[in-house]
Amino acid sequence: MNERYSRQVLFPGIGKVGQEKISRKSVLIIGAGALGSGNAEVLARAGVGKITIIDRDYVEASNLQRQQLYTEEDAAEKLPKAAAAEKRLKAINSEVKVDAIIGDATPILLEELAADVDLMIDATDNFETRMAMNDVSQKYNVPWIYGACVGSFGMSFSVIPGKTPCLNCLLRAIPLQGMTCDTGGIISPAVQMVIAHQTAEALKILAEDWDAVRTTFVSFDVWRNQYTGLKMSKAKFAGCLSCGSERTYPYLDHENMTKTTVLCGRDTVQIRPSVQGEISLERLAGQLSSLGYTVKGNPYLLSVEMSGERMVIFKDGRALIHGTKDLTHAKSLYQRILG
Amino acid sequence: MNERYSRQVLFPGIGKVGQEKISRKSVLIIGAGALGSGNAEVLARAGVGKITIIDRDYVEASNLQRQQLYTEEDAAEKLPKAAAAEKRLKAINSEVKVDAIIGDATPILLEELAADVDLMIDATDNFETRMAMNDVSQKYNVPWIYGACVGSFGMSFSVIPGKTPCLNCLLRAIPLQGMTCDTGGIISPAVQMVIAHQTAEALKILAEDWDAVRTTFVSFDVWRNQYTGLKMSKAKFAGCLSCGSERTYPYLDHENMTKTTVLCGRDTVQIRPSVQGEISLERLAGQLSSLGYTVKGNPYLLSVEMSGERMVIFKDGRALIHGTKDLTHAKSLYQRILG
Amino acid sequence: MNKVLFFAHLRDCLGEEFLMVEAKGKTVAELKTELNASYDLPKMDTVMTAINEEFAANDEVIQDGDVIAFIPPVSGG
Amino acid sequence: MNKVLFFAHLRDCLGEEFLMVEAKGKTVAELKTELNASYDLPKMDTVMTAINEEFAANDEVIQDGDVIAFIPPVSGG
Chain D
1 MNERYSRQVL FPGIGKVGQE KISRKSVLII GAGALGSGNA EVLARAGVGK
51 ITIIDRDYVE ASNLQRQQLY TEEDAAEKLP KAAAAEKRLK AINSEVKVDA
101 IIGDATPILL EELAADVDLM IDATDNFETR MAMNDVSQKY NVPWIYGACV
151 GSFGMSFSVI PGKTPCLNCL LRAIPLQGMT CDTGGIISPA VQMVIAHQTA
201 EALKILAEDW DAVRTTFVSF DVWRNQYTGL KMSKAKFAGC LSCGSERTYP
251 YLDHENMTKT TVLCGRDTVQ IRPSVQGEIS LERLAGQLSS LGYTVKGNPY
301 LLSVEMSGER MVIFKDGRAL IHGTKDLTHA KSLYQRILG
Chain X
1 MNERYSRQVL FPGIGKVGQE KISRKSVLII GAGALGSGNA EVLARAGVGK
51 ITIIDRDYVE ASNLQRQQLY TEEDAAEKLP KAAAAEKRLK AINSEVKVDA
101 IIGDATPILL EELAADVDLM IDATDNFETR MAMNDVSQKY NVPWIYGACV
151 GSFGMSFSVI PGKTPCLNCL LRAIPLQGMT CDTGGIISPA VQMVIAHQTA
201 EALKILAEDW DAVRTTFVSF DVWRNQYTGL KMSKAKFAGC LSCGSERTYP
251 YLDHENMTKT TVLCGRDTVQ IRPSVQGEIS LERLAGQLSS LGYTVKGNPY
301 LLSVEMSGER MVIFKDGRAL IHGTKDLTHA KSLYQRILG
Chain F
1 MNKVLFFAHL RDCLGEEFLM VEAKGKTVAE LKTELNASYD LPKMDTVMTA
51 INEEFAANDE VIQDGDVIAF IPPVSGG
Chain P
1 MNKVLFFAHL RDCLGEEFLM VEAKGKTVAE LKTELNASYD LPKMDTVMTA
51 INEEFAANDE VIQDGDVIAF IPPVSGG
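Protein chains in written order, with the UniProt record's numbering: chain D, 1 to 339; chain X, 1 to 339; chain F, 1 to 77; chain P, 1 to 77.
In short, the hints are calculated from the structure, not lab data. Any given hint could be a false lead.
Said to hold, decoys possible - Label pairs and their computed distance ranges (CB to CB):
(1) F:F18 / X:K259: 52 to 58 Å
(2) P:E30 / X:G244: 54 to 60 Å
(3) F:E34 / X:A173: 32 to 38 Å
As the list claims (entries may be wrong) - Part of the chain P face toward chain X, derived, beta carbon under 7 Å:
(4) M20
(5) S38
(6) E53
(7) P73
Given the structure is predicted, the values throughout are model-derived calculations rather than measurements. Yeah, the Cβ is synthetic: ideal placement off N, Cα and C, and Gly gets one too.
When you get a sec, could you build the whole thing from the sequences and use the hints?
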């Protein structure tokens with residue numbers, strides 16, 4: 001027995017056999033923000049065989065309040081999160097193979113990566129990526145664990161293809177204006193609580209203790225002292241386009257993705273959301289003002305000054321990001337605010 | 001607004017006023033193991049004014065699976081946990097004052113420290129220290145947050161002097177043979193879950209949102225998917241010697257503490273527990289064997305080979321630790337096994 | 001009568017933890033439309049609904065005494 | 001009849017998640033003594049007891065139908 005994992009081997013739910021299994025498994029973590037860094041640290045310490053972590057952003061001062069792998073130095077150097085995460089994970093456990101990908105978790109990339117992993121962990125900040133992950137999970141028969149939080153509120157659900165309902169069964173569409181940490185704030189205990197749930201499920205799945213996997217959709221509020229587990233036995237939707245018999249994997253279809261284009265000669269990126277609908281500019285203006293941003297607007301659009309860039313958001317969710325030609329950066333700014 | 005804490009200030013439960021309060025508060029964390037390192041990291045990231053962290057042990061390989069501030073290098077160098085924690089906490093947030101104490105959290109030391117802190121966080125591995133912390137809390141009117149875990153099971157309770165029952169109301173005596181992580185194993189998600197609860201309560205108390213403080217005793221099992229909050233309105237015990245009207249603070253009394261003595265000329269430390277009673281040698285032998293220790297015994301005593309030392313445990317809980325003259329080290333070994 | 005609970009930012013929008021409404025015989029979708037008309041809530045289409053701690057689809061019919069909960073899926077991570 | 005739930009290592013000692021016993025009219029202390037006599041459980045003195053999700057002292061009397069839970073305080077950290 002490797003002394004390093006002795007306390008985990010001693011736990012009857014894992015034991016020697018479970019630890020052996022964990023050490024041969026490969027996990028894909030999508031996002032290296034609060035949930036991603038926390039999940040990665042727990043799984044690296046637990047001795048997972050390989051961790052692939054993907055993120056498109058760099059470490060900023062406002063991340064340090066809750067993103068546990070990063071230091072002030074990482075923020076000062078503006079290190080890409082995936083690179084900073086890799087550095088710390090290797091110092092924590094050199095036995096774990098870490099593959100850090102600095103980039104956007106596009107459906108194409110997710111399809112490539114999913115073919116070789118045993119589990120995907122949701123640590124993204126937007127529903128478009130989650131829905132793509134959900135389709136990839138069904139297509140390649142790989143479980144994934146939904147996790148999200150905002151303010152003091154969080155939720156988690158394990159999606160096991162062929163067993164549980166999937167995220168598209170539950171939502172039927174991408175929520176147009178989800179609350180994000182950039183609009184609703186976030187406290188670290190809510191993050192930790194989601195991480196606890198996601199990593200418990202991850203260890204069960206990696207150790208192949210399938211009977212122990214949680215079947216309820218759990219949600220909680222650590223400030224208001226609430227905790228609920230919803231039974232999901234009736235949630236599976238026969239006509240679901242992601243997991244039903246007539247499945248089309250709609251979120252792997254280019255037509256249904258957010259479109260980003262550099263506007264010719266204007267140092268501006270245009271973003272068209274994947275969803276049809278109308279957003280509440282008034283509500284958004286209120287949130288962004290209370291965040292300290294300078295916001296101007298009229299009934300048709302909102303203009304927000306960000307550090308170095310200006311974002312103009314229209315009622316149908318379309319946006320122009322002035323001051324950049326970087327598509328990934330522009331999409332990241334957009335999704336941080338609109339989810 | 002300091003950009004660093006912007007996401008936390010945006011959370012309505014804290015806001016600018018709460019953040020200002022948090023930044024002026026002082027927290028004492030007792031223990032720098034799994035719960036201690038996790039609590040310290042969350043509170044340092046949240047921008048608490050001062051963190052005092054006390055621990056008597058050094059970093060070992062078997063800690064790395066769940067103790068989040070430490071690296072392989074810390075274990076290779078056998079750094080004292082308090083020192084290793086201080087190093088990482090400063091890299092995380094240089095604005096926080098960190099006071100690391102390498103040593104035993106004796107009642108005398110706790111009394112000295114408690115006079116200057118706003119909150120104590122329980123991250124110890126034994127009930128003797130918890131009961132001392134509980135008495136100190138009542139004597140100096142400082143809230144403390146109980147937290148503990150073993151296997152996939154964990155619990156937490158906030159003790160607010162003058163408002164809630166105290167730990168002595170609930171237990172009435174020190175449990176003689178509590179399960180420890182060295183005998184029952186531990187998985188990291190259970191640790192994270194306790195940390196989430198302790199730090200949520202800590203932020204409420206530090207931001208002075210007293211109405212939000214949890215009044216239930218929460219316990220959970222992340223593997224068996226259980227979660228319960230016990231109402232505690234009837235738990236206050238009028239005759240409690242720690243918080244009742246005839247209080248004597250029994251656990252600050254030298255008579256009621258574990259006694260450690262070096263046996264003259266024998267390279268052996270003798271330990272006498274604070275509690276009268278009988279332990280189950282048979283159960284203990286089973287646990288220690290499954291841990292991989294070499295255990296011999298007869299109906300009167302158990303002999304356990306540890307790395308470099310041999311511990312002989314008698315039915316009344318007395319023990320001899322052969323191969324050391326270090327009282328603190330010997331007590332640490334003892335409490336890791338007997339709680 | 002039915003108790004209707006709101007979670008996360010829905011609660012902040014409403015300013016209350018719960019409402020008492022008469023929803024007997026209505027579908028979940030009908031209740032959502034009514035609430036959208038009476039209160040300043042964000043669009044309820046993708047908000048998850050639970051009846052008595054069990055997931056409920058939009059076409060499920062509410063019985064007298066059922067406890068309804070609206071849980072907005074959040075996107076932060 | 002009464003359902004008696006066991007948490008943490010008590011459950012492992014017992015091998016069951018719960019027992020059905022007739023405990024009506026007994027005090028918590030009496031039930032603990034009985035269980036100690038019948039099963040290979042560690043000493044129950046410092047095990048916390050809940051009746052219907054509310055903390056109960058050793059002298060509390062159990063009613064018919066009460067759900068009892070035994071929660072051993074754990075010491076790991």
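Verification of the supplied hints:
Range check, F:F18 to X:K259: Cβ separation about 56 Å, and the 52 to 58 Å hint holds. Taking 54 to 60 Å as the suggested C-beta distance range, the pair P:E30 and X:G244 does not conform, at roughly 25 Å. As the Cβ distance of F:E34 to X:A173 is approximately 57 Å, the hint placing it in 32 to 38 Å is violated. A least Cβ separation of about 19 Å between P:M20 and chain X goes past the 7 Å threshold, and the interface hint is therefore violated.
Taking 7 Å as the C-beta contact cut-off toward chain X, the hint placing P:S38 at the interface is violated, the least distance being around 16 Å. Hint status for P:E53 relative to chain X: holds, with the closest Cβ pair at about 6 Å, below 7 Å. Restraint check, P:P73 versus chain X: the minimum CB separation of about 6 Å is within 7 Å; hint holds.
In this structure, the hints that do not hold are numbers 2, 3, 4 and 5, in rising order.
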